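Student: Dock chains S and D against chain U, hints included.
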Amino acid sequence: MLKLRSLGRPFALASVAIIVFAACSTGGGAATPSAAAPSAVGSAAPSSAGSPAGSSAAAAPITAGYLPKDIVNQYFAAAKTGVDKAAGESGSTVIQVGPNEAKADLQIPFITDLATQKVDAIIISADGTDEVAPALKAAMADGIKVVGFDSSPAVGAYDVFVNQVDFSGVGVNLADWACELAPSCTGEIAILSASATATNQNAWIELMKTTLKEDKYKGLNLVATVYGDDDATTSTTQAQGLLTKYPNLKVIVAPTTVGILAAAQVVKQAGKSDSVKVTGLGFPNDMKPFVADGTSPVFGLWSVPDLGYLSMVIAEKLVSGELTGAEGETFTVPGLNDDKPYTIGKDSVVILGPAFRFDSTNVNDFDF
Amino acid sequence: MTEAASTLPAPRTPGGLVSTLARQRELSLVAIMVLLGALVTLTAPQFLTASNISQVAVLASVIAVAAVGEALVVITRNVDLSVEATIGLVAYAVARVLELHALDAAAAIAMGLGLGLVLGMINGVIVTVFRVPAIVATLGTLSIFRGLDYLVAGSHQVPLAGLPPGFTDAARDTLFGIPYFVIVAVVAVVIGSVILRSTRFGRQLYAVGSNPEAAAILGIPSRLVVFTAFSLCGLLAGAAGVLWVMEFGTINGTSATGVVLAVVAAVVVGGVNIFGGSGTLAGAALGALFLGFVANALILVGLSQFWLQAIYGLVILVAVSADAIILRRIKRANVRSRSR
Amino acid sequence: MSAVVAPAKGQRRWVTLLARWETLLVIALIGLVLLGASLSEFFLSARNFSNLIAALMEVAIMALPMTLIIVAGEIDLSVESMAGLSSAILGFLWAEHVPLEVAIPLVLVVGSLGGLLNGLLVARFGLLSLVVTLGTLALFRGLALIVLGPRGISDFPPAFTELGFGHVPGTLIPWPFVIFIALAVVLAIVLHRTWLGRQVYAIGKNTGAARFSGVRVTRIKVGLFVLSGLIASLAGIILTSRLSSARADAGEGMTLTVVTVVLLGGVNIFGGSGTIPGVALAVIAVAVMQNALRLASVTVEVQSIALGLLLILSVVIPTFAHQAKSAIDRVRGARPPPADSVPGGERAIS
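These protein sequence lines are chains U, S and D, in that order. Oh and the first sequence: position 118 is 117 in numbering that gives the first Met the number 0, straight run, nothing missing. Oh and the second sequence: position 169 is 168 in numbering that gives the first Met the number 0, straight run, nothing missing. Oh and the third sequence: position 116 is 115 in numbering that gives the first Met the number 0, straight run, nothing missing.
One chain only, chain U, in its complex shape:
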């Protein structure tokens, strides 16, 4: 990664030149096949630069700044593999920058510096909806295209936001998995969330609660919702608290990758893998051992590399002018969404697709 960064400047210059001389033609030609299954994307390595011209390029090469919430979280490293893959196909350059803690005041200087460097596009997972908005708007005023992913900046502070998953779907999924894991769909369940401010988490939890009201789930009794702050220690303490406080607990639902892992470890350490099950959203790599030993037989997530891939492709299309981010625009990305077109929805949001279910039959096929 370091190497790539030190090469960044020559690349940037080269790509600026290419943009100046290349017409804004949108070569929608035969893109490399990227299977719908996440594994294909995850394992793909970015092709070396210099390949693009005319071959399989989906768009003209651009220079994009990739600005995750923090550069420590493996989630964003997984998304970066997708960004790099898209960049490799088009010959674009990606500059990864970001703070080592997910804090808005640390993220803002990186936005202004990317604007100073006059990148073509910024792909950002916002550390705070409103906090980063003024800086992003200033960048957009300079003609820089902004693509949000994972965590949205305020509406108006991005051109397109790529939502990782169909939100209403996740709430139903969580309820379904809990139902599946609780013996004959009855008993006490509890939620271990990230933080009470996390917009995603709250939306999913609300939808899950709504779903739980349906007849099918009437045996399930949601006894508590606790918050682990997406911190390993706090999540562990909270999960221990749940086990202690609710001896009859059947399922812990953790719609956060940190929380589900902490909960699974706590349950396993307490020797309760048989009586208490863990589900939610987690990384296949984290959860493999718990799928194997039965602590967490079922869980889900979207394809994180595909999320990065789609974000980068959209950034290229915005820069080329193929997309403007207006509601109702449609486009196809070969290899994603079963090759069916994506439609830009309200507030310029694009949805990657439904959550992906992992269990013992498929979890070992994935590597992220």
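If you are wondering where the hints come from, they were derived from the structure by calculation, not from laboratory data. Remember, it's a predicted structure, so these values are computed and weren't measured experimentally. Note that beta-carbon positions come from the ideal geometry of N, C-alpha and C, so glycine has one too. Be aware that one or more of the hints could be misleading.
From chain U, some residues computed to sit far from chain S (all C-beta separations above 12 Å) [what the hints assert, rightly or not]:
{"#": "1", "residue": "Q73"}
{"#": "2", "residue": "N201"}
{"#": "3", "residue": "L221"}
{"#": "4", "residue": "T232"}
{"#": "5", "residue": "T233"}
{"#": "6", "residue": "L241"}
{"#": "7", "residue": "A269"}
{"#": "8", "residue": "E328"}
{"#": "9", "residue": "T329"}
{"#": "10", "residue": "T331"}
{"#": "11", "residue": "P333"}
{"#": "12", "residue": "D337"}
Which residues of chain U face chain D? A partial, calculated answer using Cβ under 7 Å [claimed, not checked]:
{"#": "13", "residue": "D104"}
{"#": "14", "residue": "T111"}
{"#": "15", "residue": "T115"}
{"#": "16", "residue": "P133"}
Tutor: Frame of chain U; chains S and D shown alone:
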């Protein structure tokens, strides 16, 4: 700072009145814990179950091991704010070599301890050779060690599956019903206490902390003593880092962020005088256990964990104020006994 | 560690040394600017400078009272949490429909009270400022979390957010920079040109002697901590405005940068010496360094290491420079006692 130092009493021996008071601190901690336990049990009966207590004790033992090291440094009238970065860096290094199968478990643990020792020695050199005050030196190395951790780890996270099977079992395995972690913490306390009580180094440690000038006059190699204290602190932080891997299993560059507050709080609450020169390792370990139970109790009583940070702060303030009051009493007592 | 550097006694020698320290800073700053310009063609633009300054203003503002406190031989580690508490209270009050004209003064009062707590515990009860403010570092942050919880409040009026993010009309000068300069000028005059300022130095050099010569040590120290709390809460308000959002975790981790900037500015960690212009120069130097590193795509982990090294070096270099100077003096036979033989126990608690 100047004022604070001038209130120090004349050189004291670790025995006598001070150790009585220190022992009182430990007794009072135990008493408070029993009281707290009784109160919490009334609202949340699960508090007093064996599984809950052993879970709390296991987590607290990790902090306790680091707190014992911190106590050694604080007794010499210094402080080490970099412990959490040492814990984090060692934890990542150990987890990573295990994931890469570069070393077997025993060798990885030895490497972790060695790395901790080296990091502690770096602190010791900066403080004693380059004469940078401990707070500045360790605030700096906090940033440097954590930076190294980020640098080495990048966005990689060692998953539980990356560790050898059984490695994390140590966190829940027991010997005669006592978790291994607790045994490790007790062993650290016992060995440390024996060294402090019955070796020359132990007496020198207290002497340097309670009255540096007098220690210098007595010919105590205070720089060497302080260097050793920092090195041992690093070693124990390294041990805490190894325990951290076993306890949490999943390790990345941010592991153990913010832990320094718990460690320092444990030391202060445990009655180790922050002016140096007094305090016991058992006190520091009990302090860690105490804070662990407070955190657990808050959750069981249903109080938001947001209270935890404020309570840590309050506990530190109350404990140092109590120390200051005790010191004043000692001073008065000394003056009285001398005038007699 | 007891036998750490004993600062020189002669005022004049320090003045010359500090003059040189500030010269050194100016040279370092020029070097950094040249480095930045060579690293990135975008470095030398007015907008870049505007951005790089804006990014560090809360730290810069908190560094000013910290300078006075460290000169007086104390330290205040709680400033970042006070900034967070102020942000949280401001957000809470705004969410409860308290107008900002009322909420902001209230927040400043809370900041002063927090500073008063620190000051009383340190100056009246004779507790170590390091430990007291480590305790309030946790306490204030905890209170912030209790007040606001984990939510963020962000529907502030544009006029308020303009304060933090906007510029002086017609220029690229950020408003917080104006506040910083105004505060710096006032505090520089107080510290360097008034009887009060001389008392602060006297306390830092030798508290006992200062007390005997009639300096109201306790009162001045309490006053300094109140000032620190007040200005930290101002920084919290500015941060809230710049982020257009109030959060309980605002400002987390800033204390390290604040202390680094102050020490880099030539302030002696043992008290008794240091200047506001030096700290102001250090603020700009650190801002330029961070920006140059970012533009050069140097990763944050390296920046973190660089900051830590700078902090340690900012103490090591003056110490060794001082020792070298004493050694030269000794060779000349001018000053018999070498500085490092003076027992530094009186201010050695570190």
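Student: A separate judgement is required for each hint: does it hold in the structure or not?
Tutor: Hint by hint, here is what the structure shows:
no. : hint : verdict
1   : Q73  : violated (4 Å)
2   : N201 : holds (16 Å)
3   : L221 : holds (16 Å)
4   : T232 : violated (8 Å)
5   : T233 : violated (6 Å)
6   : L241 : violated (9 Å)
7   : A269 : violated (7 Å)
8   : E328 : holds (33 Å)
9   : T329 : holds (34 Å)
10  : T331 : holds (31 Å)
11  : P333 : holds (28 Å)
12  : D337 : holds (30 Å)
13  : D104 : holds (6 Å)
14  : T111 : holds (4 Å)
15  : T115 : holds (5 Å)
16  : P133 : holds (5 Å)
Hint compliance for this structure: hints 1, 4, 5, 6 and 7 are not met, and every other hint is.
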